[in-house]
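Top line first, the protein sequences correspond to chains D and H.
If you number the first sequence the way our numbering does, the last residue is 235 and the count never jumps.
If you number the second sequence the way our numbering does, the last residue is 421 and the count never jumps.
Bear in mind the hints are in silico, worked out from the structure with no lab data behind them.
Among the hints, erroneous ones may be present.
[As the list claims (entries may be wrong)] Just a sample of chain H residues kept apart from chain D, beta carbon distances all over 10 Å, derived:
#1 PRO216
#2 VAL224
#3 VAL317
#4 GLY320
#5 VAL339
#6 LEU341
#7 SER384
[Said to hold, decoys possible] The following residues of chain H were derived to be distant from chain D, with all beta-carbon distances above 12 Å:
#8 ALA209
#9 ILE227
#10 VAL238
#11 LEU241
#12 LEU246
#13 LYS361
#14 PRO364
#15 LEU372
#16 LEU413
[As the list claims (entries may be wrong)] Between beta-carbon pairs, the in silico distance windows are:
#17 D:GLY196 <-> H:ALA211: 41 to 47 Å
#18 D:GLN131 <-> H:GLU213: 56 to 62 Å
#19 D:VAL26 <-> H:ALA292: 33 to 39 Å
#20 D:ALA62 <-> H:ILE409: 24 to 30 Å
#21 H:GLU315 <-> D:TRP21: 41 to 47 Å
#22 D:TRP222 <-> H:SER249: 29 to 35 Å
#23 H:ALA292 <-> D:THR195: 38 to 44 Å
None of the values given here were measured: they were computed from a predicted structure.
Note that beta-carbon positions come from the ideal geometry of N, C-alpha and C, so glycine has one too.
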Amino acid sequence: MGDWAGYLVLILEGAWVTVRLTVMGCALALVVAFVAGLGRIAPWAPVRWLATAYIEFFRGTSIFVQLFWIYFVLPMTGVSLGAMEAGVLALGLNVGAYGAEVVRGAILAVPNDQREATVALNMTGWQRLRHVILPQALPLMLPTFGNNAIELLKATAVVSLISLADMTFQGQIVRSQTGNTIVPFLTILVLYFLMSLAIAGAIGWLERRVTRGLDGVR
Amino acid sequence: MEWDWAYAREILPLLLSGLKVTVIATVLGAAVAAVLGLVFALLRRSSNRIVARTAGFLVQFIRGTPLLVQLYFIFYVLPDIGIRLPALAAGVIGMGLHYATYAAEVYRGGIEAVPRGQWEAARATNLTMRQTWINVVLPQAVPPMIPALANYLLAMFKETPLLSAITVLEMMNQAKSIANSSYRYVEPMTMVGVFFLVISLISVAILRWLEHRYGRRT
Numbered sequence: 018m019g020d021w022a023g024y025l026v027l028i029l030e031g032a033w034v035t036v037r038l039t040v041m042g043c044a045l046a047l048v049v050a051f052v053a054g055l056g057r058i059a060p061w062a063p064v065r066w067l068a069t070a071y072i073e074f075f076r077g078t079s080i081f082v083q084l085f086w087i088y089f090v091l092p093m094t095g096v097s098l099g100a101m102e103a104g105v106l107a108l109g110l111n112v113g114a115y116g117a118e119v120v121r122g123a124i125l126a127v128p129n130d131q132r133e134a135t136v137a138l139n140m141t142g143w144q145r146l147r148h149v150i151l152p153q154a155l156p157l158m159l160p161t162f163g164n165n166a167i168e169l170l171k172a173t174a175v176v177s178l179i180s181l182a183d184m185t186f187q188g189q190i191v192r193s194q195t196g197n198t199i200v201p202f203l204t205i206l207v208l209y210f211l212m213s214l215a216i217a218g219a220i221g222w223l224e225r226r227v228t229r230g231l232d233g234v235r
Numbered sequence: 204m205e206w207d208w209a210y211a212r213e214i215l216p217l218l219l220s221g222l223k224v225t226v227i228a229t230v231l232g233a234a235v236a237a238v239l240g241l242v243f244a245l246l247r248r249s250s251n252r253i254v255a256r257t258a259g260f261l262v263q264f265i266r267g268t269p270l271l272v273q274l275y276f277i278f279y280v281l282p283d284i285g286i287r288l289p290a291l292a293a294g295v296i297g298m299g300l301h302y303a304t305y306a307a308e309v310y311r312g313g314i315e316a317v318p319r320g321q322w323e324a325a326r327a328t329n330l331t332m333r334q335t336w337i338n339v340v341l342p343q344a345v346p347p348m349i350p351a352l353a354n355y356l357l358a359m360f361k362e363t364p365l366l367s368a369i370t371v372l373e374m375m376n377q378a379k380s381i382a383n384s385s386y387r388y389v390e391p392m393t394m395v396g397v398f399f400l401v402i403s404l405i406s407v408a409i410l411r412w413l414e415h416r417y418g419r420r421t
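When you get a sec, could you build the whole thing from the sequences and use the hints?
Spelled out as structure tokens, the structure:
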């Protein structure tokens, strides 16, 4: 029985790595999503092309291939990354590409007369975005962002394949050391599920906060 | 590191044989997902509350946990309880099960989007249940589902590299074994990425066409 406590600690250590990967990956994805999403509707064509190329590339190839490419191929060109950095980078860039489309869609969904009104009020580009467009676009983005965050959490399992000791990796270790298959895998499945419930809960809370005061507007 | 064209040409046949496995896994997985998805969707509509809630929880659980861990679960746990499966079969079942939960949501959404009036009209004109489904509901529910289902097919295709983790010799695994025996990562990894990108871009073009052809007209 004492052994099992040790193995549980091992899995929980892995869970901590998974949580850190998810949080940092989400942070990077959020930044990238806004940069690329705004880039896609920028008034300058080269910026639009660049953003489109980035989005199509990262949505078109799988996270797995991107991760292996970043971890194994980039070092040969002189850029050496640790497993953790490679994982965060791959997750952030991949999910960020999906998020960029969400940002673009939500901003375009804000009615055009709102934009015209800001022009009539002589607001600067930044003021329009900050005070009029984003406060209305954000509630539209949140539900999909929540789904994307859960997809990111699920994608973190892939980093175990570049030998980063996340929860899946530790689960495999426990399996190979104990020969027991159902306990470690069921444990990590339940932990992943709890994490995704936590993300869904957090997004639900955020959604209620952001839409506060918008009643009657929509 | 230099890009070696001769080497790239040399490993091309191996990668293409991997691509074949990738495509087979995707097609079989999609078939499993389409059928199982229907089962999930029907179970969730069941009038028995316990059945409906259990199915709902199962769908949520599968959607909230990583495909990789589910694949491990099927690959390592099933043999312990006496079910021996070849790796490819385990992979197909795992992917099919995972995407069935997504397909179930699409089916549910499509069926619920058929206006109530259609059901009532079918009843008023004295159609049998079978006639109602085949002649009234499905012809209206299915076309809007097609783009969404195609989208998940593409997502599944991009997740097939995960099968390499349970020893299926698909494209990614071929690339890894080539890389490990020759210590050259640049060509195999990049070529796999390019293959995925090309196939995805073609698929996205088809997807846009499907959306245009079958998408919900607003």
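Taking the hints in turn, this is what the structure says about them:
1. PRO216: holds (20 Å)
2. VAL224: holds (15 Å)
3. VAL317: holds (23 Å)
4. GLY320: Nearest chain D Cβ is 26 Å from H:GLY320, so the label holds.
5. VAL339: Label holds. Min Cβ-Cβ 31 Å, cutoff 10 Å.
6. LEU341: holds (28 Å)
7. SER384: holds (14 Å)
8. ALA209: Correct as stated: the minimum Cβ-Cβ distance to chain D is 18 Å, above 12 Å.
9. ILE227: Consistent with the label, H:ILE227 stays out of reach of chain D, its closest Cβ about 17 Å off (over 12 Å).
10. VAL238: holds (23 Å)
11. LEU241: Holds, because the least Cβ-Cβ distance between H:LEU241 and chain D comes to about 23 Å, which exceeds 12 Å.
12. LEU246: At roughly 19 Å from the nearest Cβ of chain D, H:LEU246 sits farther out than 12 Å, so the non-interface label holds.
13. LYS361: violated (4 Å)
14. PRO364: The claim is violated: H:PRO364 sits with its nearest Cβ about 4 Å from chain D, within 12 Å.
15. LEU372: Label holds. Min Cβ-Cβ 15 Å, cutoff 12 Å.
16. LEU413: For H:LEU413, whose nearest Cβ neighbour in chain D is about 17 Å away, the distance exceeds 12 Å, so it holds.
17. D:GLY196 <-> H:ALA211: 41 to 47 Å: Holds: the Cβ-Cβ distance is about 42 Å, inside 41 to 47 Å.
18. D:GLN131 <-> H:GLU213: 56 to 62 Å: holds (58 Å)
19. D:VAL26 <-> H:ALA292: 33 to 39 Å: This hint holds: roughly 35 Å between Cβ atoms.
20. D:ALA62 <-> H:ILE409: 24 to 30 Å: With a Cβ separation near 27 Å, D:ALA62 and H:ILE409 satisfy 24 to 30 Å, so the hint holds.
21. H:GLU315 <-> D:TRP21: 41 to 47 Å: holds (45 Å)
22. D:TRP222 <-> H:SER249: 29 to 35 Å: holds (32 Å)
23. H:ALA292 <-> D:THR195: 38 to 44 Å: At roughly 26 Å between Cβ atoms, D:THR195 and H:ALA292 fall outside 38 to 44 Å, so the hint is violated.
This entry does not satisfy hints 13, 14, 23, going by the numbered hints stated previously.
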